[in-house]
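*Asks:* For reference, the chains in residue letters:
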Amino acid sequence: MTYSEMARQLLASGHASEGDAVYLRAGGKEHSGILMPHHEFSHPDVIVIKLRSGYNIGVMVDDASELRVVSKAQDRPSRPRSPERQSGLPTVSFLGTGGTIASYVDYRTGAVHPALRAEELVATVPELSDICNMRSKVVFSIFSENMDVARWQELANAVADELSSGAEGVIIPHGTDTLGFTSAALSFMLGDLPRPVVLVGAQRSSDRPSSDSYGNLLSAARFCVNADAAEVFVLMHGETSDTCAHVHRGTKVRKMHSSRRDAFKSMNGSPVASLDLQGGLEMLSPCRSKGNFKVEPDTRMEPKVGMLHFYPGMSPEAVRRFAEGLRGMVIAGTGLGHVSRDMVGCLKDLVRKGMPVVMTTQCLEGRVNLNVYDTGRDLLSAGIVPGEDMLPETALVKLMWVLGRTDGPEEVRKTMIANLRGEISDRRGL
Amino acid sequence: MEQVTCGIEIHQQLDTHKLFCSCRSRLVDDEGKCFRRRLRPTQSEMGEVDRAALAQSERRMHFAYQAPAEVSCLVEADEEPPHDADAEAMQASLIVSSMLNCHVVDEVHFMRKIVIDGSNTSGFQRTALVAVDGNLDLNGRRIGILSLCLEEDAARKVETKDREVTYRLDRLGIPLIEIATAPDMHDPDEVKEVAQRLGSILRSTRKVKRGLGTIREDINISVPGGARVEIKGAQDLSLLPAYVRNEMERQRSLIEIKELLRERGAMPVPVMVRNVSSLLKDSRSKVIRSALSKGGKVFCSALPLFAGTLRSADGHLRLGAEMAQYARSHGVAGIFHSDELPAYGITAEEVQAIGKELELREGDAFALCADMADRAEPALLAAVARANQALIGVPEETRDPLPDGTSVYSRPLPGAGRMYPETDVRPIPIGRDRLEAIRNDLPELPEVRMLRISKEYGINEQQSRQLVKDGHDDLFEELSTDRTMAAVAARTFLNTYPEMQKEGVDLDPLTDEMVRNAFAALSAGRFAKEALPSLLKELARGSDVDKAIVSLGLGQLDQQDAAGIIDTIIRERADFVREKGEGAVGPLMGVAMKELRGKVDGKKAADLLKERVQAFLRG
Numbered sequence: 001m002t003y004s005e006m007a008r009q010l011l012a013s014g015h016a017s018e019g020d021a022v023y024l025r026a027g028g029k030e031h032s033g034i035l036m037p038h039h040e041f042s043h044p045d046v047i048v049i050k051l052r053s054g055y056n057i058g059v060m061v062d063d064a065s066e067l068r069v070v071s072k073a074q075d076r077p078s079r080p081r082s083p084e085r086q087s088g089l090p091t092v093s094f095l096g097t098g099g100t101i102a103s104y105v106d107y108r109t110g111a112v113h114p115a116l117r118a119e120e121l122v123a124t125v126p127e128l129s130d131i132c133n134m135r136s137k138v139v140f141s142i143f144s145e146n147m148d149v150a151r152w153q154e155l156a157n158a159v160a161d162e163l164s165s166g167a168e169g170v171i172i173p174h175g176t177d178t179l180g181f182t183s184a185a186l187s188f189m190l191g192d193l194p195r196p197v198v199l200v201g202a203q204r205s206s207d208r209p210s211s212d213s214y215g216n217l218l219s220a221a222r223f224c225v226n227a228d229a230a231e232v233f234v235l236m237h238g239e240t241s242d243t244c245a246h247v248h249r250g251t252k253v254r255k256m257h258s259s260r261r262d263a264f265k266s267m268n269g270s271p272v273a274s275l276d277l278q279g280g281l282e283m284l285s286p287c288r289s290k291g292n293f294k295v296e297p298d299t300r301m302e303p304k305v306g307m308l309h310f311y312p313g314m315s316p317e318a319v320r321r322f323a324e325g326l327r328g329m330v331i332a333g334t335g336l337g338h339v340s341r342d343m344v345g346c347l348k349d350l351v352r353k354g355m356p357v358v359m360t361t362q363c364l365e366g367r368v369n370l371n372v373y374d375t376g377r378d379l380l381s382a383g384i385v386p387g388e389d390m391l392p393e394t395a396l397v398k399l400m401w402v403l404g405r406t407d408g409p410e411e412v413r414k415t416m417i418a419n420l421r422g423e424i425s426d427r428r429g430l
Numbered sequence: 001m002e003q004v005t006c007g008i009e010i011h012q013q014l015d016t017h018k019l020f021c022s023c024r025s026r027l028v029d030d031e032g033k034c035f036r037r038r039l040r041p042t043q044s045e046m047g048e049v050d051r052a053a054l055a056q057s058e059r060r061m062h063f064a065y066q067a068p069a070e071v072s073c074l075v076e077a078d079e080e081p082p083h084d085a086d087a088e089a090m091q092a093s094l095i096v097s098s099m100l101n102c103h104v105v106d107e108v109h110f111m112r113k114i115v116i117d118g119s120n121t122s123g124f125q126r127t128a129l130v131a132v133d134g135n136l137d138l139n140g141r142r143i144g145i146l147s148l149c150l151e152e153d154a155a156r157k158v159e160t161k162d163r164e165v166t167y168r169l170d171r172l173g174i175p176l177i178e179i180a181t182a183p184d185m186h187d188p189d190e191v192k193e194v195a196q197r198l199g200s201i202l203r204s205t206r207k208v209k210r211g212l213g214t215i216r217e218d219i220n221i222s223v224p225g226g227a228r229v230e231i232k233g234a235q236d237l238s239l240l241p242a243y244v245r246n247e248m249e250r251q252r253s254l255i256e257i258k259e260l261l262r263e264r265g266a267m268p269v270p271v272m273v274r275n276v277s278s279l280l281k282d283s284r285s286k287v288i289r290s291a292l293s294k295g296g297k298v299f300c301s302a303l304p305l306f307a308g309t310l311r312s313a314d315g316h317l318r319l320g321a322e323m324a325q326y327a328r329s330h331g332v333a334g335i336f337h338s339d340e341l342p343a344y345g346i347t348a349e350e351v352q353a354i355g356k357e358l359e360l361r362e363g364d365a366f367a368l369c370a371d372m373a374d375r376a377e378p379a380l381l382a383a384v385a386r387a388n389q390a391l392i393g394v395p396e397e398t399r400d401p402l403p404d405g406t407s408v409y410s411r412p413l414p415g416a417g418r419m420y421p422e423t424d425v426r427p428i429p430i431g432r433d434r435l436e437a438i439r440n441d442l443p444e445l446p447e448v449r450m451l452r453i454s455k456e457y458g459i460n461e462q463q464s465r466q467l468v469k470d471g472h473d474d475l476f477e478e479l480s481t482d483r484t485m486a487a488v489a490a491r492t493f494l495n496t497y498p499e500m501q502k503e504g505v506d507l508d509p510l511t512d513e514m515v516r517n518a519f520a521a522l523s524a525g526r527f528a529k530e531a532l533p534s535l536l537k538e539l540a541r542g543s544d545v546d547k548a549i550v551s552l553g554l555g556q557l558d559q560q561d562a563a564g565i566i567d568t569i570i571r572e573r574a575d576f577v578r579e580k581g582e583g584a585v586g587p588l589m590g591v592a593m594k595e596l597r598g599k600v601d602g603k604k605a606a607d608l609l610k611e612r613v614q615a616f617l618r619g
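Residue numbers (our numbering), protein chains in the order written: chain A, 1 to 430; chain B, 1 to 619.
By construction, these hints were calculated from the structure, which means they are not laboratory data.
Please note: incorrect hints may appear among the correct ones.
[Claimed, not checked] Pairs of lysine-lysine residues, derived as BS3-like cross-links and limited to a Cα-Cα distance of at most 30 Å, are as follows: (1) A:Lys-255 - B:Lys-33; (2) B:Lys-33 - A:Lys-265; (3) B:Lys-113 - A:Lys-72; (4) B:Lys-580 - B:Lys-547.
[Unchecked claim] If the Cβ cut is set under 8 Å, some of the chain A residues that face chain B in the computed set are: (5) His-43; (6) Val-48; (7) Tyr-55; (8) Asn-56; (9) Ile-57; (10) Arg-204; (11) Arg-208; (12) Tyr-214; (13) Thr-243; (14) Met-256; (15) Ser-259; (16) Leu-284; (17) Ser-285; (18) Ser-289.
Computed from a predicted model, the values in this text were never measured in an experiment.
Glycine included, each C-beta is placed from N, C-alpha and C at the ideal position.
Excised from the complex, chain A in its bound form:
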């Protein structure tokens, strides 16, 4: 909610703006303090003031209220120095996408600003400059839930540029909600990589002393520099204790908790590596080594692909309508990859009309197997593509990428069940 017209006029008539020291009289009470930004959930007639004690209070104003500026806000001191380049250290690129993995607090208003530029990163995480020289670019600044195919493509091209100009690695600070989608998209679009691309996020924002962002950023930089690994990875906190960070393969990682630090897990396999917070590195599963060749991204994507989570009683009619205008679909089925008999018929129709339909499991862990039960066998005969042990999200992104390059049903099927970027594993250990 924003200010009411009355509150807005009161502020305008006093020429008051955020950060100004103001005097406010309302409801027979006088207040002096700093004018703060209006809180989204505040009453429209409420003006928020920071008192000298540091506390904010909301003051309800009315037509009789009086507000005047006691002193205008001081300009923010200019941003700190640029990082010094140290010879002998490799250069790592930071590509900003938004989110507040690194941020600084405006202590005047308490607002949190993202630290996106290299010099801002140095200011908030000075230890980075002991590990690498930093180069940075803000690709875009959005909440991760607003990511889309066009932005994945833009990001993939930006990553390719950085690697082509010799970066030892690319670190992409990214909001955590859709981190797994972006990492999967980059995995397919970037192809073989000579150097690592590490997406990194924070589950606790960096304006708090308990933030996991610093540990994650530092570990990402150390991993780029010290590990002989060249794929798209996601690096996040390993457990609730501040002991280690885990590096996950970009196609196998999923956010499995809405708020915990250790929300990100490698599904159907172990993480690629673990780094303790002092920098100790342990490789946990094999991955591609660094090399010297040029990145050749293929960012062609078919955005018209849909994903459905099957549930008992799901209406085939609704699915048919959903499928209109789509060129491919991923289903997260039950158990080994099942849907109801009605739905089998519906999917069969879609396949017959030429739409590739890929079956994954909503269990997330485990592989689909359409040979075990009747329903599965019916789906197979209907031409449904079994998505092996791919995550539904990874299958979705992969299908977009595959359909961006081919229409042929057989080629789509063959590519979907082939392991391109570690998205499918042959074996799953106990």
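Put chain B on the given structure of chain A with help from the hints.
*Replies:* Relative to the frame of chain A, chain B by itself:
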């Protein structure tokens, strides 16, 4: 001029769920799962992180947390955002605000107050200003109330070892009402009375926790010419006047030291230390020997013209003790200073040798510290810096209260806390209607309660005032099923309790539940009221009512058994009874009660004795 100026801050735990989650708010013995975290200093006003501060935090800020499952969840573990503020706690804070005639803010905004000692897993404490500008009338004086805040309690420190502090999360998030008074008190006893009155007001909401540790006071104390010193976290109200008096004394003696040093023309001492290990390599002092044998060093600093201020002959001036407290905050056991030497195994010759080494003159002093070099050196430097402060006067500082009524240095007074908005918690609008409804339905004020209790239970006003003041009023009303029980209950709280304390019985383990059980057993006639004090004593020592009744031999005698015992007494003194006739009843009462106390009610015993004597005389 006033002799002393004091203000207090009272922190009262609320008996609701936790402030930002649905966990029960109580302390448990269970350790639960353990996890480890670090905290990182946030940026300065300029948005930069100080590298030195970071290096320090690397060394120091490692924390272990015990998370008992029953009373902590992901919110306390800083793994889930806070829920909406507990409505019951919010309501209690509004009720207390109204009782203190405060102005309640229109919209309550929770803030994050940065705290990086690990006591909050998030690195900040959530706190909101609820009301300002209230007052409290006491003994004809008006005490200002500056603010009332609703905030979350910190985690409980369980253990500190080497570079890791362990906390338990049971206490983290328990709602606290924090009331800050204006610096309007000028008398040590008044401080206690104000604290008691605030306690009574808080209790009258029926939403506060009871018992040790559920209410904590910070006292701000300054004397003219002194400085604001905060004694933080006092739990025993009865000690408040002692804290104030001792602090007044301390500040005055520090002022005396300042004047003395100025008279002598003492100058700030260079803050540096000298290694005198070689001079003391054969010392018989245990401290020095132990330090040197494990590879440590002995450092020494000259304190020109400080002689006699470190510890005066009469023990009145004690700058040395102040210096030692600063040194201890750097991890050493203490320091030695020349006013107390030779002693502790350090010989006069060694003192002389040090004096020579430091080129000391008449009136000069020195301090020394022996430990591992990385501790001893910063510790002694801190002590010397403290000595220099003596030239300026009383340093502003935070002190920890000790159980003997004195206090000890804990840290410099914190600056204005850095606070920024808790964006995860929605602001809470406080409608005028809601406040109006609260004002029309306020709990009984302590003074009203006092009069009512006196009238309703037939005890005098002085008694009921004391009951309310000490916070026994609730339990008293519960136990007083009739006027007889009221008299017993009043006597228990106002006489028996103080007597037990005087005898050194610790009353803390005596819970309300135990007292309830004891009174229930009394009502049921399982023992006589005379035995109640001994029974309570047993309970305070950890027994339960049933066991105590057996171990004290309090099983009630029936009339026949009692008559039998009395008859025996009479028979043994047959001649005396025949000689005195009914007049023997009086003298025999004492003998009879020796046998019957606690087993037969006193009045009943007297009646029975009289009846048996008459029967005996009738033959």
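*Asks:* Please go over all the hints and tell whether each is borne out by the structure.
*Replies:* Hint check:
Taking the CA atoms of Lys-255 (chain A) and Lys-33 (chain B), the gap is near 23 Å; set against the 30 Å cutoff, the hint holds. Annotation: proposed proximity of Lys-33 (chain B) to Lys-265 (chain A) holds, straight-line Cα distance about 21 Å (limit 30 Å). A hinted pair counts as satisfied when its Cα atoms are at most 30 Å apart, and Lys-113 (chain B) with Lys-72 (chain A) qualifies at roughly 25 Å. Distance check on the hinted pair: Lys-580 (chain B) and Lys-547 (chain B) sit about 42 Å apart at the alpha-carbon level, beyond 30 Å; violated.
Given the 8 Å rule on beta carbons, the hint for His-43 (chain A) holds: about 5 Å separates it from the nearest Cβ of chain B. Because the beta carbon of Val-48 (chain A) sits about 7 Å from the nearest beta carbon in chain B, less than 8 Å, this interface hint is met. This hint holds: Tyr-55 (chain A) has a C-beta 4 Å from the nearest C-beta of chain B, less than the 8 Å allowed. Satisfaction of the interface hint for Asn-56 (chain A) is found here, the shortest Cβ-Cβ separation to chain B being roughly 4 Å, below the 8 Å cut-off.
With its C-beta approaching chain B no nearer than about 4 Å, Ile-57 (chain A) sits inside the 8 Å limit, and its interface hint holds. Taking 8 Å as the C-beta contact cut-off toward chain B, the hint placing Arg-204 (chain A) at the interface holds, the least distance being around 7 Å. Hint status for Arg-208 (chain A) relative to chain B: holds, with the closest Cβ pair at about 5 Å, below 8 Å. A cut of 8 Å between beta carbons decides the hint on Tyr-214 (chain A): the least distance to chain B is about 6 Å, and the hint holds.
The interface hint given for Thr-243 (chain A) holds, since its Cβ lies 7 Å from the closest Cβ of chain B, which is under the 8 Å cut-off. With its C-beta approaching chain B no nearer than about 13 Å, Met-256 (chain A) sits outside the 8 Å limit, and its interface hint is violated. Hint on Ser-259 (chain A) holds. Least Cβ distance to chain B is approximately 5 Å, under the 8 Å limit. Hint status for Leu-284 (chain A) relative to chain B: violated, with the closest Cβ pair at about 21 Å, above 8 Å.
The criterion of a C-beta within 8 Å of any C-beta in chain B is not met by Ser-285 (chain A), whose closest approach is roughly 26 Å, and the hint is violated. The beta carbon of Ser-289 (chain A) is not positioned within 8 Å of any beta carbon in chain B (closest approach about 33 Å), and the interface hint is therefore violated.
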